[in-house]
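With the numbering used here, the residue at position 218 of the sequence shown is 222, and numbering never jumps.
In case anyone wonders, no lab produced these hints; they're calculated from the structure.
Don't take each hint at face value.
List of simulated lysine-lysine pairs, BS3-like, C-alpha gap at most 30 Å [as the list claims (entries may be wrong)]: (1) Lys-86 to Lys-152; (2) Lys-63 to Lys-86; (3) Lys-82 to Lys-152; (4) Lys-82 to Lys-63; (5) Lys-63 to Lys-152.
Listed next, with one range per pair, are the computed distances between beta-carbon atoms [what the hints assert, rightly or not]: (6) Gln-77 to Val-189: 25 to 31 Å; (7) Ile-197 to Arg-228: 25 to 31 Å; (8) Arg-37 to Gly-162: 34 to 40 Å; (9) Asp-80 to Ala-45: 38 to 44 Å; (10) Gln-77 to Ala-222: 30 to 36 Å; (11) Ile-204 to Trp-166: 32 to 38 Å; (12) Val-196 to Asp-80: 30 to 36 Å.
Bear in mind the structure is a predicted one, so any value in this text is a computation, not a measurement.
Ideal Cβ positions, reconstructed from N, Cα and C, are used throughout, including at glycine.
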Amino acid sequence: MKNRSKSSTVLAVIQALVFILVIPLAPLLISGRWGWWEAWAFAALSIGGFIISRLLAAKRNPDIIAERAQFGQQTDAKPWDKVLAPLVGLGGGLVPVTAGVEALLGQQVDFSLAVELAAGILMLAAYIFSAYALIENRFFSGVVRIQKDRGQRVISSGPYRWVRHPGYAGALITYLAIPFFLDSVWAFVPAVIICIAMVIRTRLEDETLQAELEGYRAYTQRVRYRLIPGVW
């Protein structure tokens, strides 16, 4: 049992290092273009946003970090999310990796500075929006499960006043903005695929919450849209 716990801890640390440091730095590490300011800005935003959002979330809800650190280990995660959750995580990492490979091969497009800045502003806004959801919702788990062990209840404050899944909404905007910011056409391929997977996951999660979480169905009558106000 001790060895299993130790192995799980080591695996969690490795996963954290990959997603917190390696993936954000992937465009630079792969391309070797150390003067690529957009890639440095992307890394700074990704790493800084992750650290700041987790610190603020932990300050407000200390148990949220422990819940998210168990990613993939929760036995009561929905079967379909045991496939979708890793797929979303892997797909999110493939977006900057693809941009790095495209830069290495010298096949980048050249979006205008105005387009890049607009994409950067969208990314920053999306990061803030997703972080707001994480900080506001102490049940913001990495997998879809009804957290009976933590007394899960409906959260309707903060960004949950506007859409039912603000974390996903922010992630969608981020993934679609990254290719513009990093001058990559091929990065749109994993970005679009992961966005489709996230829409499917959003629908399945919403159906699960309506069926199994007390008060959620009534909440959907007040906040009618899942991801995009006025659309869906």
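Each hint tested on the structure:
1. Lys-86 to Lys-152: Holds: Lys-86 and Lys-152 sit about 19 Å apart, inside 30 Å.
2. Lys-63 to Lys-86: Since the Cα atoms of Lys-63 and Lys-86 sit roughly 29 Å apart, the hinted pair holds (cutoff 30 Å).
3. Lys-82 to Lys-152: Holds: Lys-82 and Lys-152 sit about 14 Å apart, inside 30 Å.
4. Lys-82 to Lys-63: Satisfied, since the Cα-Cα distance of roughly 28 Å is no more than 30 Å.
5. Lys-63 to Lys-152: holds (22 Å)
6. Gln-77 to Val-189: 25 to 31 Å: violated (37 Å)
7. Ile-197 to Arg-228: 25 to 31 Å: Check passed, 28 Å falls within 25 to 31 Å.
8. Arg-37 to Gly-162: 34 to 40 Å: holds (39 Å)
9. Asp-80 to Ala-45: 38 to 44 Å: Holds, at about 39 Å.
10. Gln-77 to Ala-222: 30 to 36 Å: holds (32 Å)
11. Ile-204 to Trp-166: 32 to 38 Å: violated (22 Å)
12. Val-196 to Asp-80: 30 to 36 Å: Holds, since Val-196 and Asp-80 (Cβ atoms, about 31 Å apart) stay within the stated range.
Going through the hint list in order, the structure does not satisfy hints 6 and 11.
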